[in-house]
Amino acid sequence: MAASKEEYKFSDILAYPEIKERWQKVRRYFFLRESTYDMSNRCNIRCQGCYYYVGDKQFAPENRDEQAWRNLLLSEKERGITFVVLAGAEPSLVANLCRACHEIIPLGAIATNGLIAIPADIDYRIHISVWGNDRTSEQIRGASDMLGRQIANYRDDPRAVFIYTFTPDNIDEAREVTATLADCGQTISFNMFSAPTGYQGPLRHTADSLKKTREVMGELLADYPGTVLFSAYNIVAHTESQGLHDLFSCSYPRRNQSTDIGLGRSFRQYRTDLQWDREAACCVPDTDCDDCRHYAAGSAVVTSRMYRHAIDPETFSAWLDYVDTYLAVWVRGYEKGRNLCNTYINPPVNK
Amino acid sequence: MNTETNQSIHRVAEIIIDELILEDVTPETFDPDLDLVDEVGVDSMDLATVALVLRDEFGVRIDEDDYPKLTTVRIIAQYLDDKRNDSE
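Listed in order, the protein sequences are those of chains G and R.
Counting in the working numbering, the first sequence runs from 2 upward without gaps.
Counting in the working numbering, the second sequence runs from 1206 upward without gaps.
If you're looking for bench data, these hints aren't it; they were derived computationally from the structure.
Treat the hints with care, since some could be wrong.
Here are some, though not all, of the chain R residues that point toward chain G, as calculated from beta-carbon distances under 8 Å [said to hold, decoys possible]:
| no. | residue |
| --- | --- |
| 1 | Pro1232 |
| 2 | Val1245 |
| 3 | Asp1248 |
| 4 | Asp1271 |
Quick list of in silico lysine to aspartate or glutamate cross-link-like pairs, EDC-like style, CA-CA up to 16 Å [as the list claims (entries may be wrong)]:
| no. | chain 1 | residue 1 | chain 2 | residue 2 |
| --- | --- | --- | --- | --- |
| 5 | G | Lys21 | R | Asp1287 |
| 6 | G | Lys10 | R | Asp1287 |
| 7 | R | Lys1274 | R | Glu1262 |
| 8 | R | Lys1274 | R | Asp1243 |
| 9 | G | Lys10 | G | Glu315 |
| 10 | G | Lys26 | R | Glu1224 |
| 11 | R | Lys1274 | G | Asp261 |
| 12 | G | Lys10 | R | Glu1262 |
| 13 | G | Lys212 | G | Asp170 |
| 14 | G | Lys337 | G | Glu22 |
| 15 | G | Lys213 | G | Asp247 |
| 16 | G | Lys78 | G | Asp57 |
| 17 | G | Lys26 | R | Asp1251 |
| 18 | G | Lys26 | G | Glu336 |
| 19 | G | Lys21 | G | Asp313 |
| 20 | R | Lys1274 | R | Asp1261 |
| 21 | G | Lys213 | G | Asp261 |
| 22 | R | Lys1274 | R | Asp1287 |
Label-pair distances were calculated between CB atoms; the ranges are [what the hints assert, rightly or not]:
| no. | chain 1 | residue 1 | chain 2 | residue 2 | range |
| --- | --- | --- | --- | --- | --- |
| 23 | G | Asn97 | R | Ser1292 | 44 to 50 Å |
| 24 | R | Gly1264 | G | Gly149 | 56 to 62 Å |
| 25 | R | Asp1271 | G | Arg28 | 18 to 24 Å |
| 26 | G | Gly81 | R | Asn1207 | 35 to 41 Å |
| 27 | G | Arg279 | R | Val1230 | 48 to 54 Å |
| 28 | R | Asp1287 | G | Gln258 | 20 to 26 Å |
Just so you know, even glycine gets a beta-carbon here, dropped at the ideal spot from N, CA and C.
Construct the entire structure; sequences and hints are all you get.
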């Protein structure tokens, strides 16, 4: 099928100076190839709805041998991995292993609850999870004075970005958390609770909670532009009634049969025993794919759908904002630019 | 191999070289049967970029689901020619 006549040429879209500048900025990072690694099967807290303690991965024995991790990372580098995500259950409990990874592959991010400071020489982006105000954290995560302790551990630390996970119960609390972080000069980005497989609890989003979350995200993005790393298109992509897979067709191996190119070819999710399983491989294993609106998934899945967004200047600008946000959240030293599209556009379908 | 496909091969090679800033190769020396992923190091975002420029140049939409099939310059050129012929 020939391209439709009313569709913009890519060169016409890039004729807009701001779009071209942003495109040239983000495309320099197309070399990033990610994989994720569970570092420890232990955690110092236990959160309701945690994806890690679902399925088999929690039972994998820990490999605590630094040299084994170095060897793994060397082989990962050899096969082209340039970005690592160190996660489950709590990486700060094994800082020596995180350091071993950093020595081999210097670009990456660590997902942590932030209650144990990760040494400064491990120069990855550090994602500190927040699930509401301190009262809610105590109820859901069993930890007291959580935000204050997290801020104390990462005050003035340029590695840190706080990741606020919206559940149906903590939507309004995002205001006070964002205000507190803004006062401390920290940055925040947003995640959506995505139900683990088989989860029947109250944290699963509903149509009403998605709508309310969208409103609060928009309010915070407008009120705290220097603090909130997000965009209008991030809000749309993560608060639609459909999940990421339905909207964008997930490209992680778990939902993508192709091993020819892209994430289906390169992505692996290693467990603590340094083994991986293609059938389970995605950035948040054991999440119910139909409910997945996870920020980490979106960073790869929305970004990979560049072609379908290059249909007009507004839609491509929205996609650029999303990619600019993803890079600012995940890559040390990357500075987010001003959002180019501040209206809510519908995600384009694959024609 | 007809003239149309040869011209397409040359143009596809030219676009790939320009967009991916490949060094030490010209459209004339680019082996059209090289595997773009395994032997040139092209990944999905590279291919999406090339696909957008090809869409401008050839007026042909490349379906995202077809990316895995587009493994060489020759296969891409043939794909574009077939799509153009189908639409005529």
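Comparing the hints with the structure gives:
no.: 1; hint: Pro1232; result: violated, 20 Å
no.: 2; hint: Val1245; result: violated, 12 Å
no.: 3; hint: Asp1248; result: holds, 6 Å
no.: 4; hint: Asp1271; result: violated, 11 Å
no.: 5; hint: G:Lys21 <-> R:Asp1287; result: violated, 31 Å
no.: 6; hint: G:Lys10 <-> R:Asp1287; result: violated, 21 Å
no.: 7; hint: R:Lys1274 <-> R:Glu1262; result: violated, 20 Å
no.: 8; hint: R:Lys1274 <-> R:Asp1243; result: holds, 13 Å
no.: 9; hint: G:Lys10 <-> G:Glu315; result: holds, 13 Å
no.: 10; hint: G:Lys26 <-> R:Glu1224; result: holds, 15 Å
no.: 11; hint: R:Lys1274 <-> G:Asp261; result: holds, 8 Å
no.: 12; hint: G:Lys10 <-> R:Glu1262; result: holds, 9 Å
no.: 13; hint: G:Lys212 <-> G:Asp170; result: holds, 13 Å
no.: 14; hint: G:Lys337 <-> G:Glu22; result: holds, 13 Å
no.: 15; hint: G:Lys213 <-> G:Asp247; result: violated, 21 Å
no.: 16; hint: G:Lys78 <-> G:Asp57; result: violated, 27 Å
no.: 17; hint: G:Lys26 <-> R:Asp1251; result: holds, 15 Å
no.: 18; hint: G:Lys26 <-> G:Glu336; result: holds, 10 Å
no.: 19; hint: G:Lys21 <-> G:Asp313; result: holds, 13 Å
no.: 20; hint: R:Lys1274 <-> R:Asp1261; result: violated, 20 Å
no.: 21; hint: G:Lys213 <-> G:Asp261; result: violated, 40 Å
no.: 22; hint: R:Lys1274 <-> R:Asp1287; result: holds, 14 Å
no.: 23; hint: G:Asn97 <-> R:Ser1292: 44 to 50 Å; result: violated, 60 Å
no.: 24; hint: R:Gly1264 <-> G:Gly149: 56 to 62 Å; result: holds, 59 Å
no.: 25; hint: R:Asp1271 <-> G:Arg28: 18 to 24 Å; result: holds, 22 Å
no.: 26; hint: G:Gly81 <-> R:Asn1207: 35 to 41 Å; result: holds, 37 Å
no.: 27; hint: G:Arg279 <-> R:Val1230: 48 to 54 Å; result: violated, 34 Å
no.: 28; hint: R:Asp1287 <-> G:Gln258: 20 to 26 Å; result: holds, 24 Å
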